[in-house]
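With chain A's structure known, arrange chain B on it following the hints.
There are 2 protein chains.
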Amino acid sequence: MLDASIADSTIVLALPRGRILRDVMPLVKRAGIEPEAAFDDPKTRKLLFDTNDPNVKIVRVRSFDVATFVAFGAAQLGVAGNDVLMEFDYPEVYAPLDLGIGKCRMSVAEPAAMVASDDPSRWSHVRVATKYPSITRKHFAARGVQAECIELSGAMELAPNLGLCRRIVDLVETGSTLKANGLVEVEHIADITSRLAVNRAALKTRPDEMGAWIERFREAIEDVSDADAA
Amino acid sequence: MLDASIADSTIVLALPRGRILRDVMPLVKRAGIEPEAAFDDPKTRKLLFDTNDPNVKIVRVRSFDVATFVAFGAAQLGVAGNDVLMEFDYPEVYAPLDLGIGKCRMSVAEPAAMVASDDPSRWSHVRVATKYPSITRKHFAARGVQAECIELSGAMELAPNLGLCRRIVDLVETGSTLKANGLVEVEHIADITSRLAVNRAALKTRPDEMGAWIERFREAIEDVSDADAA
Numbered sequence: 001m002l003d004a005s006i007a008d009s010t011i012v013l014a015l016p017r018g019r020i021l022r023d024v025m026p027l028v029k030r031a032g033i034e035p036e037a038a039f040d041d042p043k044t045r046k047l048l049f050d051t052n053d054p055n056v057k058i059v060r061v062r063s064f065d066v067a068t069f070v071a072f073g074a075a076q077l078g079v080a081g082n083d084v085l086m087e088f089d090y091p092e093v094y095a096p097l098d099l100g101i102g103k104c105r106m107s108v109a110e111p112a113a114m115v116a117s118d119d120p121s122r123w124s125h126v127r128v129a130t131k132y133p134s135i136t137r138k139h140f141a142a143r144g145v146q147a148e149c150i151e152l153s154g155a156m157e158l159a160p161n162l163g164l165c166r167r168i169v170d171l172v173e174t175g176s177t178l179k180a181n182g183l184v185e186v187e188h189i190a191d192i193t194s195r196l197a198v199n200r201a202a203l204k205t206r207p208d209e210m211g212a213w214i215e216r217f218r219e220a221i222e223d224v225s226d227a228d229a230a
Numbered sequence: 001m002l003d004a005s006i007a008d009s010t011i012v013l014a015l016p017r018g019r020i021l022r023d024v025m026p027l028v029k030r031a032g033i034e035p036e037a038a039f040d041d042p043k044t045r046k047l048l049f050d051t052n053d054p055n056v057k058i059v060r061v062r063s064f065d066v067a068t069f070v071a072f073g074a075a076q077l078g079v080a081g082n083d084v085l086m087e088f089d090y091p092e093v094y095a096p097l098d099l100g101i102g103k104c105r106m107s108v109a110e111p112a113a114m115v116a117s118d119d120p121s122r123w124s125h126v127r128v129a130t131k132y133p134s135i136t137r138k139h140f141a142a143r144g145v146q147a148e149c150i151e152l153s154g155a156m157e158l159a160p161n162l163g164l165c166r167r168i169v170d171l172v173e174t175g176s177t178l179k180a181n182g183l184v185e186v187e188h189i190a191d192i193t194s195r196l197a198v199n200r201a202a203l204k205t206r207p208d209e210m211g212a213w214i215e216r217f218r219e220a221i222e223d224v225s226d227a228d229a230a
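Each protein sequence line maps, in turn, to chains A and B.
Counting in this note's numbering, the first sequence runs from 1 upward without gaps.
Counting in this note's numbering, the second sequence runs from 1 upward without gaps.
Extracted from the complex, chain A is given alone in its bound form (with noise of 0.2 Å):
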């Protein structure tokens, strides 16, 4: 038996799992989308939800995945960080609207110990641990450095105390994590936010139904804006 039976008129809207889903939901449902129940079980192992509305169905995956499932069509929209979209730079993706939520910057960080004898200006080859090589790598070209980079999925901030390199490339938010390892951070790379996504064929075949669910969630986000201000 399916989880869930998909027809040609199904809206999959891809949430990305862990922390960040906190923040997203009630943006999910201020844009009038409520899962099913077994969404907030802990223990459930579904991945395909049933919502409120027989059209759409919400699939919740890893961040990085969600991107992946908006590009090739099997979602038609999502919610990702600016980190995942220009890692993949998917040209099937369009992000018409920055949630606001999931705020966080991308830097560069080394050991507290080596910063004050390392000149960033005179890097000619740098040796990288991240979970964005692609990133990483256009970061660097840009001022004429070649970055090797070391992809790994987590516990970047490891890397430069097992002498794995001298150098990561990470999310950071408040900068504990880098703290509690020593690192400081020495460049930055970009500001972060979750962004909506959209399959660009769905935006062309569907205008008008996608064109509505890009509004809801824009007023979603107003909405948020206007009682902040209040």
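If you're looking for bench data, these hints aren't it; they were derived computationally from the structure.
Quick reminder that beta carbons are idealized off the backbone N, C-alpha and C, glycines included.
Among the hints, a few may not be true.
[Stated by the list, open to error] Just a sample of chain B residues kept apart from chain A, beta carbon distances all over 10 Å, derived:
1) R22
2) L48
3) F64
4) D89
5) E92
6) Y94
7) V115
8) R137
9) A142
10) I150
11) H188
12) I214
[Said to hold, decoys possible] Using 25 Å as the maximum straight-line C-alpha spacing, the simulated SDA-like pairs for lysine to any residue come out as follows:
13) K138/B - S107/B
14) K43/B - L21/A
15) K138/B - E187/B
16) K43/A - R45/B
17) K43/A - G18/B
Below, chain B without anything else, positioned relative to chain A:
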């Protein structure tokens, strides 16, 4: 303040996070390594742990990252599935021991509804969702089939139902997840178990010490086999 200081004499053991850890820890303990209490605290944010042996630290990372930590010498020892070892195929990693845990298989699966009309021997090009693009391409290339891989880190079993692609390559343990998603296995790629992974440079520069650790893990496995046989 750092999580722990790393001396040249330290042995770092990289262990995979998640479900497999339950099966790994009894072996690690029989090999004489007892992690500090924080290791069992589900709320800890620590990644690097002290043990009863002042020369041994444990780092807990994603299974894919275990291979990278060992290959680059950030860990001298690790536990990783041969799925991960095959995918990366790092020449710097030596895998002398099958630990006999984490048993599953890697398979090609497709919708049950397709099977009757689908003849794998006539494929010339397949589009496959997988976490293992390198293994997948090699598997298909060996019989002249070109595989276009869509890389996902999870939720592969959703891909056929959502129209991402019709086939997936994934790990299968009991088969219940495939079944729940209307998929069936059509090809077996490899049998998977966890292996002891050893950094080759460490084995060359510290042969007695590393050799002794391999021996301790070998004895730890034999203890289990003896208990099973009794």
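Assess, step by step, whether the Cα of K43/A is no farther than 25 Å from the Cα of G18/B, and give holds or violated.
holds, 15 Å
Classify the label on E92/B as holds or violated, using whether its beta-carbon is more than 10 Å from each beta-carbon of chain A.
At roughly 12 Å from the nearest Cβ of chain A, E92/B sits farther out than 10 Å, so the non-interface label holds.
Over 10 Å from every CB of chain A: does A142/B meet that, or does the non-interface label fail?
holds, 26 Å
Taken at face value, is the distance from the CA of E187/B to the CA of K138/B at most 25 Å?
holds, 14 Å
Minimum Cβ-Cβ distance from D89/B to chain A exceeds 10 Å
The claim holds: D89/B sits with its nearest Cβ about 14 Å from chain A, beyond 10 Å.
For I150/B, is the shortest beta carbon distance to chain A beyond 10 Å?
violated, 6 Å
Would you assess whether F64/B, listed as outside the interface, keeps its beta-carbon beyond 10 Å of every beta-carbon in chain A?
violated, 6 Å
Determine whether the non-interface label on H188/B survives the test: each CB of chain A must be over 10 Å from its CB.
holds, 24 Å
Chain A versus Y94/B - minimum CB to CB distance exceeding 10 Å, so not interface:
With a cut-off of 10 Å, Y94/B remains clear of chain A, as the shortest Cβ separation is near 18 Å.
Pair hint K138/B and S107/B, alpha-carbon separation not exceeding 25 Å
Distance of about 14 Å is within 25 Å: holds.
Chain A versus R22/B - minimum CB to CB distance exceeding 10 Å, so not interface:
Per Cβ check, R22/B is outside 10 Å of chain A; nearest 17 Å; holds.
According to the definition I'm using, a residue is off the interface if its beta carbon is farther than 10 Å from all beta carbons of the partner; does I214/B meet that for chain A?
I214/B is indeed farther than 10 Å from all Cβ atoms of chain A, at 21 Å.
Hints 2, 3, 10 from the list above are not met by this structure, while the remaining hints are.
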